[in-house]
Every structure is written in structure tokens, then in C-alpha cells.
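Participant: In order, the protein sequence lines correspond to chains A and B. Heads up, the first sequence is in the numbering used here, so the first residue is 264 and it goes up one at a time. Heads up, the second sequence is in the numbering used here, so the first residue is 33 and it goes up one at a time.
Computed list of lysine to aspartate or glutamate pairs in DMTMM-like fashion (alpha-carbon distance at most 25 Å, straight line):
#1 305(A) <-> 442(A)
#2 368(A) <-> 419(A)
#3 305(A) <-> 119(B)
#4 454(A) <-> 307(A)
#5 305(A) <-> 347(A)
#6 368(A) <-> 98(B)
#7 305(A) <-> 122(B)
#8 305(A) <-> 505(A)
#9 305(A) <-> 323(A)
#10 460(A) <-> 494(A)
#11 305(A) <-> 348(A)
#12 454(A) <-> 348(A)
#13 368(A) <-> 109(B)
#14 454(A) <-> 513(A)
#15 368(A) <-> 47(B)
#16 454(A) <-> 492(A)
#17 368(A) <-> 409(A)
#18 368(A) <-> 80(B)
#19 454(A) <-> 488(A)
#20 460(A) <-> 492(A)
#21 368(A) <-> 94(B)
#22 454(A) <-> 442(A)
#23 305(A) <-> 409(A)
#24 368(A) <-> 89(B)
Everything labelled a hint here was simulated from the structure, so no lab data went into it.
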Amino acid sequence: MAVAYGSQPGRRGTDSPREGEAGGLYVTRDAVPRRAYLKPRKREHGPFGCRAAREKIVADLARDLGVAVPPVLLFVRHDAPQGEETSCCVSLVLYGRQFPWHQIKRWVEDPTQSERIMELVMRDLPVSAARALVLNAWVMQSEHGDHPHNIVFGLDSDGGPHFVYLDYALALGHRFVDDPHFRALGWRRWKDEEGWKAPVTVPFPPLMLQHVSRSEVDATLSRVEDFPEGEVQAVVGRIPGDYLHEQERDILIAGLVGRRRLIRAPLERQLMGSGGGT
Amino acid sequence: MRLRYQTAVVSFCLDLTDPRGYSIPVGVLLVGQSEGLGVAAATALRTDRLVTSGFLDPISSEIIGDLLALLQAHVNEAIQANDGNVDVSDVLLSLRSSLRNSLYVSSISPEQCEEVADPIGAQTFATGSVLRVLRSAIITSSNQLRERAASMEEDEAPYLLEPPPGYLPTASWPVPPFGAGLRDSHPC
Numbered sequence: 264m265a266v267a268y269g270s271q272p273g274r275r276g277t278d279s280p281r282e283g284e285a286g287g288l289y290v291t292r293d294a295v296p297r298r299a300y301l302k303p304r305k306r307e308h309g310p311f312g313c314r315a316a317r318e319k320i321v322a323d324l325a326r327d328l329g330v331a332v333p334p335v336l337l338f339v340r341h342d343a344p345q346g347e348e349t350s351c352c353v354s355l356v357l358y359g360r361q362f363p364w365h366q367i368k369r370w371v372e373d374p375t376q377s378e379r380i381m382e383l384v385m386r387d388l389p390v391s392a393a394r395a396l397v398l399n400a401w402v403m404q405s406e407h408g409d410h411p412h413n414i415v416f417g418l419d420s421d422g423g424p425h426f427v428y429l430d431y432a433l434a435l436g437h438r439f440v441d442d443p444h445f446r447a448l449g450w451r452r453w454k455d456e457e458g459w460k461a462p463v464t465v466p467f468p469p470l471m472l473q474h475v476s477r478s479e480v481d482a483t484l485s486r487v488e489d490f491p492e493g494e495v496q497a498v499v500g501r502i503p504g505d506y507l508h509e510q511e512r513d514i515l516i517a518g519l520v521g522r523r524r525l526i527r528a529p530l531e532r533q534l535m536g537s538g539g540g541t
Numbered sequence: 033m034r035l036r037y038q039t040a041v042v043s044f045c046l047d048l049t050d051p052r053g054y055s056i057p058v059g060v061l062l063v064g065q066s067e068g069l070g071v072a073a074a075t076a077l078r079t080d081r082l083v084t085s086g087f088l089d090p091i092s093s094e095i096i097g098d099l100l101a102l103l104q105a106h107v108n109e110a111i112q113a114n115d116g117n118v119d120v121s122d123v124l125l126s127l128r129s130s131l132r133n134s135l136y137v138s139s140i141s142p143e144q145c146e147e148v149a150d151p152i153g154a155q156t157f158a159t160g161s162v163l164r165v166l167r168s169a170i171i172t173s174s175n176q177l178r179e180r181a182a183s184m185e186e187d188e189a190p191y192l193l194e195p196p197p198g199y200l201p202t203a204s205w206p207v208p209p210f211g212a213g214l215r216d217s218h219p220c
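Could you build the full structure based on these sequences and the hints that come with them?
Facilitator: Structure below.
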């Protein structure tokens, strides 16, 4: 598979390894008339990282739940520079114009800046954010606080508005949550004494929380609670062994199946505590 | 005094999904430092003409229209957040990390040096430089688009850019001295 690399959307070429935590870059392929984002670049040692597998698993679950996470394909980067990750994935760029949440939220904070733009932004926010919030609780997504980049707002070719939720490389109880900040909040790695049972509150932009559709939260929660165990096993089980260690696969299946019915109460408390939801 | 500086060109990608899609340069940021002196300057394209022509949607236009303020805020925050312990390149690379969607950093220049008389001279030089770099980027982009247009179907022909006089609002501002404790290893 011939792929051209470039960190920037407008050109191909080399780049500097200074992007996000896992490192990523835009890629194209001559046979496919679309751009995608490849990650991770940074290699993670040991069997319990599996960032590309986490991205793929969550993207597939999201599709089944109707959450706006771009489709992900696993991709072996045979020509990776020495020391960089070879077990990668590519995430499709969905919309022609995309802007990070930090550039968009001002129209939600202060609708008087432009009621026309505020109306466009708010057209998609309540439902898409409700669905993403529930997915995030299910997969224990740690990366959607007021993070400036991991939620983007896109415009399709007809100008239709769509929020997109990105970066699940550290979800599903990744060791990243050993960070003292998360440990203090009760987060645990899923592999540690069934850490997936931890009833944590997942970070989410407070401004979005204020506007999530409560009825959509409820409907999405029901879809998660009824999500077939066999489908979880299929989604996780089809990840190749060089992307997902066998022991980790069992942990992820146990966590996803077990958490289906553990997230409603913490989520409802979170919404009540934030005064959010409409 | 010798001013060490770098510039970053900010571009706007018209279709992020399309590998053949093209970008237009919309702004330039310069960050420089000298002994006890920090300086920054930025310029950004006015977008009203592009909106009128239907080339830009309202959100893209607003975001590009705020680019000057965004660049100012980025520089000030990047320096303050690190208590001044950053180098010129750190400020520009962090800008590249923060802009990676439709609005993105399309190039960062190598470090360059310029002799300036005093802080006012540094700001004057910085202002002139960002204007020069953006005009040059726009001309280069226009030429590339013209070359591509010749081989395109009529309905694909891109909007050809022209360097627009009066369409480059500019700001320059002093920033607190930064880079304290860093060894100057540049050969110039």
C-alpha cells in the first residue's frame, strides 16, 4: 500500500514530530481520493498499550451506536522511521472544513457574536454530544475534557454542521490513567483488579454538557445497555494479535461487556451535578 | 542588537478531505528575540472579498478574520505558560500543533538573524517582514493555482488569488524577554 505522508493538510512531505501526545500525520493514497490521519507514531513498549487497536475498537462501536467517530482502519506502516510505531491506524477525515472545538465554542459561549453561526453550531451539538458522552462513559475516554483539539466541528459539502469526536487511543483503561491526576479521581487501568468497574466521571467540555439532549443520552444509554455481548466479542476479537495482546483482548471484552450496565447512574449524576442537559 | 527570528505561514485548506485540494496562505507570524528583548508580529488576510465571491463559508471567514487575535494570544500564552523558558522555534512549533485542521501552519522558516538598532527598530522590521512573507506566499500560491487551472475541467477551475493591496491588516507587539537560560548556538 503506497501512502504519501505529510503533517499538514495542504502538502505532502516530511514533518516534525511535534504533534499530539501519540503523534500523527495526514496521509493520502493514490488509489483513494480521500485524506486520512495516521497514528500513532510514537512506539509504546509492552503488551498493554495497543493504541491503534483501541482507536479501531471504539470507532467500530461508535458506528453501531450512531456516534460521530470517524471510521478507522488498521494499517501496518512498513516504512516507519526507525523507532516509530509500525502497528498504526488511519482515521478518515470526514468533512471538507473542520475546526477544533476551541475555535468554535465562542459562538456557544456568546451567541450574540453571531446568531446565524450559533444556530448552525447548535443544530448538531445537543444530539451528537449526548451520544458521544455516553460512548465516552462506556469506553472510559479520558481525552475529551476541554481539550482544544479532540472534538472538531465540520461542515459537509452542503454546509451541513457535524461535530466529530476524535482520539480514543488512550480509552479502554489504557495505562495512561496511571497518571496521578486520574488515579486521584478513581480511574484504574482495566487490567488492574478489574479496574473497568471504576465508576468514574468522564471529562467532557462543560459547555457541551450544558446543552446535551437528555432524551438522547437516555436513548443512547439504552442502546449501550442492550448492545449484544456477541457484537462486543466480534469487534474486539477481530483485531489481529500483533495489534492486541491476547490477555488485553480478554480484558477489553470483559470491561466493555461489564460496563454496559454500570454507566447510567454515574452519567446521570454527572449531568445533574453539571446542571446540564436539555 | 542582533534579532534572531523565525516566521510561520498559516494557510487555509479549502477541502480537507481531498488529497488534491489546495490551500491559500492567510497569515504570517514572526517571533523574535534578542538580549533582553522579545518581539512578535503578525498579519492576516482580510476575508470579505472571499466571502462575497462565495469562496468561503461564514464560519471559515470568521475564523480567518480572527487569525490576528489568535496569533497574538498564542504567542503571549506560549511564552507565559512556560515562564519565558521557550525558544522562538518552540512558540512556532506549538502553533503548528494547535492548528491542524482547515487552518494549519503550512511552513516554518529556518532561524534567521537581523541587526536592529533598538526595540522600535525590531518591531518595524518584524512588521515589514510578515507583510513581505505573506505577499510572497500568496504570489507563490497564485502561480501554483494558475498552473493547475490549465489542466483542470472548467468547473474545477480554482479561484485564482491575486496579492490584494490593502487586504493585509498587521500588528506587532513587544513580548516579555524569553529564552532565558538557553544557550545561543546559532552561527549567525
